[in-house]
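Asker: From first to last, the protein sequence lines stand for chains E and B. Residues 15 to 531 in our numbering are what the first sequence spells out, letter by letter. Residues 15 to 531 in our numbering are what the second sequence spells out, letter by letter.
Please note that the accuracy of each hint is not assured.
[What the hints assert, rightly or not] One-sided excerpt, in silico: chain E residues whose CB lies under 7 Å from chain B:
1. Ala108
2. Cys225
3. Pro286
4. Asp368
5. Phe428
6. Ala523
[Claimed, not checked] Beyond 10 Å from chain B on every Cβ pair, some chain E residues (computed):
7. Asp21
8. Ser94
9. His97
10. Pro119
11. Leu125
12. Arg134
13. Ala168
14. Gly258
15. Val283
16. Ala345
17. Thr404
18. Gly405
19. Thr414
20. Arg448
To be clear, the hints were calculated from the coordinates, so they are not data collected in a lab. Quick caveat: nothing in here was measured; it's all calculated off a predicted structure. Each residue gets a CB set at the ideal place from its N, CA and C atoms; glycine is no exception.
There are 2 protein chains.
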Amino acid sequence: MNHPQPDRPRSLRMDPRDNVAIVVNAGGLREGAQLEGGLTLTEPVPEAHKFALNDLPQGAPIIRYGVTIGYATRAIQRGSWVHEGLITLPEAPALDSLPLATETPKPQPPLEGYTFQGYRNPDGTAGTKNILAISTTVQCVSSSVEYAIRRIKAELLPRYPNVDDVVAITHNYGCGVAINAPGAEIPIRTLGNLALNPNLGGEPLVVSLGCEKMQPSRMLPASKLPVLREESYVMRFQDEEYRGFGDIIAAIMQMAEKRLDRLNQRRRVTCPASDLVVGLQCGGSDAFSGATANPAVGFASDLLVRAGATVMFSEVTEVRDAIDLLTARAADESVARELVRQMHWYDAYLGRGDADRSANPTPGNKEGGLANIVEKSLGSIAKAGTSAITGVFGPGERVTKKGLIFAATPASDFICGTLQLAASMNMHIFTTGRGTPYGLAMAPVIKVASRTELAQRWPDLIDLDAGRIATGHATIEEIGWELFRMVLEVASGNQQTWADHWGLHNDFALFNPAPVT
Amino acid sequence: MNHPQPDRPRSLRMDPRDNVAIVVNAGGLREGAQLEGGLTLTEPVPEAHKFALNDLPQGAPIIRYGVTIGYATRAIQRGSWVHEGLITLPEAPALDSLPLATETPKPQPPLEGYTFQGYRNPDGTAGTKNILAISTTVQCVSSSVEYAIRRIKAELLPRYPNVDDVVAITHNYGCGVAINAPGAEIPIRTLGNLALNPNLGGEPLVVSLGCEKMQPSRMLPASKLPVLREESYVMRFQDEEYRGFGDIIAAIMQMAEKRLDRLNQRRRVTCPASDLVVGLQCGGSDAFSGATANPAVGFASDLLVRAGATVMFSEVTEVRDAIDLLTARAADESVARELVRQMHWYDAYLGRGDADRSANPTPGNKEGGLANIVEKSLGSIAKAGTSAITGVFGPGERVTKKGLIFAATPASDFICGTLQLAASMNMHIFTTGRGTPYGLAMAPVIKVASRTELAQRWPDLIDLDAGRIATGHATIEEIGWELFRMVLEVASGNQQTWADHWGLHNDFALFNPAPVT
Ligand SMILES: [Ca+2]
Ligand SMILES: [Ca+2]
Ligand SMILES: [Ca+2]
Ligand SMILES: [Ca+2]
Ligand SMILES: [Ca+2]
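The whole structure should be built from the sequences, with the hints applied where relevant.
Answerer: Here it is in structure tokens:
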């Protein structure tokens, strides 16, 4: 590892074909700054923003990651700032003429012998935490279940030291919704599959009001797990045996205690890295996300895939504009076609609501140097590494394959995280450029910063500084390996993430494309 | 008040024109049961379900509340059970030929001299509670703000005994949403107006991440309140002055303490009843809701309107099928036309999502005896009493008129409650037949049971038993006056609701008709 001087003008170019690079230095660079290779900036360029490596005539393609991210709206001089206003937005790739599995990557050599200490579940999956969750079928019971959980944590949990946490799966679904409308299957299966997340030990407990539209048997049929056929797992507020709130809370606590007792008997055992189901996501991205954090995550993703794990990437709206690169990388044509089907579904969903493609990236993304959704997509896809895509799953579906998976979700951070948990995620990697205190109760979240400035400003929120790639203090490979090892340590309970340290655990956020009533 | 024998077969007919009545007795009535007026049941009829008062030929209208709720699918004998399967669903009233202000009720005599002890706000409104709320512009900061509030409650609130509570206005909006799509104005104005609710003392505090789509100035422009132009009301996580999570939390706590200090200096003063903004809602309805609780609330609603208050009813999907009765009752044609416009908007919203009208009522409603949405609508509208409708407001708009207002919202309980809070509700009346532990942090919720059995089974959740109307222990007028007096007592802080006693306060639930991205 070399230690370059921090003040030297530095830039990052992602691919030899690129005709732009980004400025690395905090605070940006002044007019006249001399970059590697003898290039001189003709005007000030903000940090993380692009400048031209050559003279670009009007209409010339702007190339980053070896891909055209748009066209020059006017002639751009070598060394000048290539800002959002100078780049046209290309059309999204048409979905009817995409390359299907035309460039499927060859499998990389397997990585043997990597393990973590996890909780083995009856269904063969493994947990990285040992959590009791209480599911709810309807919003009406949310605050009561939260009341019960406050009491469980105060009165019961101290007696069950091997149980990590008690979590309420609350939401605004279950009644007052068009439950038979197209799309309603998404929130329903999401809630059912959340209860089956590997970090919950196969011990679902469902609290129902009684008169709601989404009945417990619809959300989580007993056929889903052997234990559900043997033991009552549903508590209904409106059952006539409960005389008042005291009785209701006592009943929930009693059912919770049975499960706490069994969960408490579990111990961590050695599990192969192939038991990991790692969800990848980004939020609050900047131009460094796609240059430092996401490529490093991509390297770790390849390592995880080589170790036999499941790695999920998601966020339809952030991959849509580079979907041609993904369909080409599919393991086979049927996987590619399923990718296309998910893009079609989402195009139609956005079209029904008259949503505007240019709404993503956010103002913050743009201020951070991302010109448009194409550039953001390329940076986002960098998280997925270079493996073949072996499977595609719809929003809220449980992922049942190993390898690199596309789990279709919105990009909205907590909706994506909730859907990845339903997909059976037991470890989460989250990259951020602008910075966010993101965290989830059900799985550990490793937050990777794209810039050293952010990692240093938020030392008690950011778990890994990938900004060292930009400053030359580390390579993509080095950070990738560091992250891979951190995943195993966190999954084993040997290292705590900052989100878990502070208890920063957002509520679940459902994706419900159907109307409320 | 008379005290009839509990075991005598009893029934309720709502209007002299009705050809059905409902069974009142708990557990229903047996075949052969003899009812008042010499009618004999020809088969068992469940509690709250309808039976025929006359022989009804096939195709005959089934009349309840003096209104046709459907037609007999086959001949029905006098004294037999008129269940859901025997009633066709009539078409929803067409929106292009409704009576507009054709039967505007005359104003009833004013009720003078009724007051409550409330908190006077700078903008002229009055609070029934004295709450510090912390608004958020984006989901990313929710769990951090909740962390800050736990510390504020533990470390600061004990020193400010006149402040009732500290509440986080969290949500899943702000980023990852199509913020310029049609309908996006609804969640945005909802969040802005929530911060202006009269129970929050005009002291908004907004926590922002920094890079989110919905910037603080869009959610709550400083022009909304004089105080916002004088003092900083926005805290941004990503501001460079904050070094880590500790700094961020300290900054939120410091801004909170300034507001706690000012709120703590407030005292309750005598306010006229006309300062009340009472939101009406029902949830978990049964056939008794429309026969006991809702008519009693309707009577109280008329009293409140006579006392000069604002009374809001809502729940578009529950009034849609009886909208002709409401447009006729509008104070003038422009109010009636605005009602029609809101119905049109919602019809289109449901149509875009292919939602099925028969999805409401819920299975629980039907089991409780409500045959269809028409019958449910008539029972729901009973809450609105008999006054003229003086104003109509869209979802999340701030209500600025006195009298009986239709505030258009979905029927989904917490979405409706959240929108009514945004509309400036400072008191909430919630009727329930099947039973729900509904509660909100921002305004007191009086829960009215439609049945004595529920009120007795849940004595520590139900605030008022309107079931006494069915059993003959009280009249609609008596319960209506009791509720009116209870509203004044609760608004004055002299009586605590059960929801407040247990702290059953659901999270806010936004209505976002636009897509997520
Ligand atoms: Ca994002
Ligand atoms: Ca995201
Ligand atoms: Ca919550
Ligand atoms: Ca309802
Ligand atoms: Ca409702």
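Asker: Return the numbers of the hints above that this structure violates; sort them in rising order.
Answerer: When the structure is compared with the hints, numbers 1, 3, 14, 20 turn out to be violated.
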